[in-house]
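In case you want the letters, here they are:
Number of protein chains: 4
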Amino acid sequence: MTPPPSAKLVLRDAKEVADVQSRADTRALPINRVGIKDLKHPVRILDRAGEQGTIATFNMYVSLPHSVKGTHMSRFLEILSERPQVSVESLSLLLKRMTDRLEADSAHLTMAFPFFVEKAAPVSKTLSLMDYRVTLSGERTASHAIRRWVKVVVPATSLCPCSKEISAYGAHNQRSHLTISARLREPLWIEELIAIAESAASCELYGVLKRPDEKYVTERAYENPRFVEDMVRELAMQLNREERIGAYQVEAENFESIHNHSAYALIEHDKDA
Amino acid sequence: MTPPPSAKLVLRDAKEVADVQSRADTRALPINRVGIKDLKHPVRILDRAGEQGTIATFNMYVSLPHSVKGTHMSRFLEILSERPQVSVESLSLLLKRMTDRLEADSAHLTMAFPFFVEKAAPVSKTLSLMDYRVTLSGERTASHAIRRWVKVVVPATSLCPCSKEISAYGAHNQRSHLTISARLREPLWIEELIAIAESAASCELYGVLKRPDEKYVTERAYENPRFVEDMVRELAMQLNREERIGAYQVEAENFESIHNHSAYALIEHDKDA
Amino acid sequence: MTPPPSAKLVLRDAKEVADVQSRADTRALPINRVGIKDLKHPVRILDRAGEQGTIATFNMYVSLPHSVKGTHMSRFLEILSERPQVSVESLSLLLKRMTDRLEADSAHLTMAFPFFVEKAAPVSKTLSLMDYRVTLSGERTASHAIRRWVKVVVPATSLCPCSKEISAYGAHNQRSHLTISARLREPLWIEELIAIAESAASCELYGVLKRPDEKYVTERAYENPRFVEDMVRELAMQLNREERIGAYQVEAENFESIHNHSAYALIEHDKDA
Amino acid sequence: MTPPPSAKLVLRDAKEVADVQSRADTRALPINRVGIKDLKHPVRILDRAGEQGTIATFNMYVSLPHSVKGTHMSRFLEILSERPQVSVESLSLLLKRMTDRLEADSAHLTMAFPFFVEKAAPVSKTLSLMDYRVTLSGERTASHAIRRWVKVVVPATSLCPCSKEISAYGAHNQRSHLTISARLREPLWIEELIAIAESAASCELYGVLKRPDEKYVTERAYENPRFVEDMVRELAMQLNREERIGAYQVEAENFESIHNHSAYALIEHDKDA
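Protein chains in written order, with this note's numbering: chain A, 1 to 273; chain B, 1001 to 1273; chain C, 2001 to 2273; chain D, 3001 to 3273.
Hints in this document: simulated from the structure, not taken from any laboratory. As the structure is a prediction and not an experimental result, all values here were calculated from the model. A hint or two may mislead.
[What the hints assert, rightly or not] Rough simulated footprint, nothing fancy, chain B against chain D, three-plus residues with beta-carbon under 8 Å:
# : segment
1 : 3020-3029
2 : 3037-3050
3 : 3055-3069
4 : 3174-3184
5 : 3224-3233
6 : 3248-3262
7 : 3265-3273
[What the hints assert, rightly or not] Negatives, chain B to chain C, calculated, CB over 10 Å:
#  : residue
8  : A1018
9  : P1030
10 : L1046
11 : P1065
12 : S1092
13 : F1116
14 : T1135
15 : R1147
16 : E1191
17 : Q1238
18 : R1244
19 : A1247
20 : E1268
All C-beta atoms, glycine included, are put in the ideal place defined by N, C-alpha and C.
Could you put the whole structure together from the sequences, leaning on the hints where they help?
So this is what it looks like as structure tokens:
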């Protein structure tokens, strides 16, 4: 079936494996982002207690000038293979490495990973881990400016103020996702954003709850009803006061216990605009 | 770059495009299922009100004897291209067509789709659609027996009996999925299984709820607390009484409003075993 | 367990079910978007051949002034319950209805759905359906301007130019997603964007391929190698020439057959900026 | 809004928080599985090189006799909070702990996680990590028998024998998933199952490939074409010879580069039946 490879193989060897990507391109179109997407890799993330190991999904992109046909994808992997310890602060080092190795003007990186915080149950003080979805992202622009974003998706309880008010007893409540995406002026701990998000909900979540804890969180949520509108306003108020944050987008999504769709609200604000 | 195609093309033409799949295989290993997976196709589903159009994801497999190298994948698509109207009853026709066209001993088919039921809100009677995930599946065995399964995933409200009992006020509740997978002795309507599932929860869900409806569903759930254990037992009791069902698996999953994981229970029973 | 409902119920009735959402809010924070998310609903979409029924996932949001506590979520559902026939052109009607019914300054709508095009196989001309993921979105601003976006995710074949050049025979190829997000100056058919995307790949996909068709698409892809960089440049060149489009973002993602991650490229351009 | 909590709270304190779950149930229906689902937790997995840290998603279920109303969900979390190091061998310890702590007849556990293997590229020998999805599961029956399953999902390259044979040049190929689910008679390394799966494909995948490696994998796949039918037969042949495996299900799924659906095949066999 196969064409006789001999002549062609000789030809290849003579060329010592052509570098097609480095050839010229004549379409006069620069590319904003090119690279690798959805690569899983273990990482060590700095946290308040020291560091934690987790598994991140990486997107790593650089810009490509109009005159070059393609980028060199394997170099992104080589940067990761050095297994850097990652923190909000070290993002700029990774971005610098990307522009250097790929000879690019600008670079863009996102890494999304599960992040764990050990929490004590509110009454029994039983310790357990809570998991959050965190995304660190950074950009190095052609003028060598660095922009860093942290995004946390924080599951929490929301209890409906309308349902509580109009009902003779009970109130519908549900799991919600509170999401903060913050552009940083200065580093802050991932745990600080999680704490802000949890304080904006009707009640925070825990891994282990014993019966006295379950009584506590049930009553706490009932005493503290919140619409999605309330939760994004609470988040915005707190982030407006936080000097280390230059811009933010906050979201609240309720996986409604009385509907098969979500209630949703969003506020965004750029203090530096 | 390309090897000169002329000689090879002539060769191909002489062979009039070889049928590689039909060749003999010598590994003496029959294949239980081979075919296409995750194909999206519009379908018309029979419902109590007549029929509804939806988009199904199909898996279509046949058995392959040990002596044959491969099946003919395009024939599955041809069967779907005839755009049959589908119901629990017509599954056996589709399965027959699969064994005939693919010259197979046995066939297996699943089609998963969103299914809509128009419901009236409990107080205001406002009409709206609720969506459910339904999977019809069928099997035709080498002995020409037909087995048909219907699976419905029904979102509902569950309210925790423990939380209600131990708390001074309120009770945590959340969206749950009640799942019934039933092997049928005789056809029944998808809507019948949905109604059974909804009756097993603390309260059913609706698309539109006006304030008097929201008051109703809040109080209804509070009056009707259910663990996942309670819900699967309610489902099992009802399916045990249903003569048209020969075997079932029932599941309840609570997307807990106080945890970031689910509570889950399952009962399975084969009356015909 | 339950507190005696009688007294409280009387209280409720006297208030005729309080409208908590309409109350004043004192936090002085307007909300950019509030509404419903991930609601499934059947729709009729206008296409070149007339129209097609499909199942859409809706997000519907309005802005909320700082002085109001909450929006009225059930009104979004009421708009959908009128079951409008939807096209790129009718988006502005839906947005107008949203600002009117919810007494809002601005509105934002997205609807994502599977969309089908009947295609003839390249040699045998056998007809079959191909499915694409389409998202229509629209925004009505406080100044009553309307912005409409169409996004299509088009699966296609890409064949690696480097692999072809350096290898004695064969070339790795894979399924790719070409994504066009276009802000429209004037309406165009969804099918026109799909055709643009398919022309940028190494080869387009089909539902049914008979053996002569399979030979055709294999050779066509081999004759037409494309990096992700090539594909986004091809897309950008064509969209630059298209007067009905005011801004675009184009993406190419290869689900690499030789890696467990994707290769990815993106170009974005706003002609009206 | 809230009913005066005082009287009720006194009542609660007197009861010292009621244990609703432990009450009697009169429906005479035992529950096959009840517990927690989709809980994320960090784990240490034994591998050939020692151990690796990863993030697992746990399902942990026990049986519940007909006479008891509910299980004690928090105890599953307590078992995980002891952060056991996990291997195929230690599954039986975890299952024993589950039946003991939850006073249950039988227990069922699954843990799914990304698993990494360091591989050298075939020509340049550059080292990089490849990620796989692994699920360990185990069952402890009422008669104290232990059943252990390992499932690996191995991404690989498949190249179509028909496309190669009928085409003048090239052959369509794509990323495939080869899945082995094996019931173990004796422990084996996860890496052993991965190696079996990779040997059944047209070529295995790597994180980093330099140009000489890319030439190698392209030619290797072209020389080694495989249908999904071929791949499951190769897997079955190898697992039939493996004495440590008592039963298996093997699957091959091609994310076809010429279609928008998958080709799929499955063989299952229970040697101990």
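Report holds if the minimum CB distance from B/A1018 to chain C is greater than 10 Å, and violated otherwise. violated, 8 Å
Please verify the coverage claim for the segment 3037-3050 of chain D: does it have three or more residues whose C-beta sits within 8 Å of some C-beta in chain B? holds (count 4)
Holds or violated: is the Cβ of B/E1268 farther than 10 Å from all Cβ atoms of chain C? The claim holds: B/E1268 sits with its nearest Cβ about 29 Å from chain C, beyond 10 Å.
Could you check that no beta carbon of chain C comes within 10 Å of the beta carbon of B/L1046? holds, 16 Å
Is it correct that the beta-carbon of B/R1147 has no partner in chain C closer than or equal to 10 Å? Answer for B/R1147: holds, closest chain C Cβ roughly 28 Å.
Whether chain B covers the segment 3174-3184 of chain D (at least 3 residues having a Cβ closer than 8 Å to its Cβ atoms): violated (count 0)
Since B/A1247 was said not to touch the interface, does its Cβ keep a gap of more than 10 Å from each Cβ of chain C? holds, 30 Å
Over 10 Å to the closest beta carbon of chain C is the bar; see if B/Q1238 clears it. Answer for B/Q1238: holds, closest chain C Cβ roughly 25 Å.
Hey, does B/P1065 actually stay past 10 Å from chain C on C-beta? At about 22 Å from chain C, B/P1065 clears the 10 Å cut-off, so the statement holds.
B/P1030 remote from chain C - nearest C-beta pair above 10 Å: holds, 24 Å
Using Cβ atoms and 10 Å as the threshold, tell me whether B/F1116 really stays out of contact range of chain C. Contrary to the label, B/F1116 does not stay out of reach of chain C, its closest Cβ about 6 Å off (not over 10 Å).
Annotated coverage of the segment 3224-3233 of chain D by chain B, confirmed only when three residues or more have a Cβ within 8 Å: holds (count 6)
Hints 4, 8, 13 from the list above are not met by this structure, while the remaining hints are.
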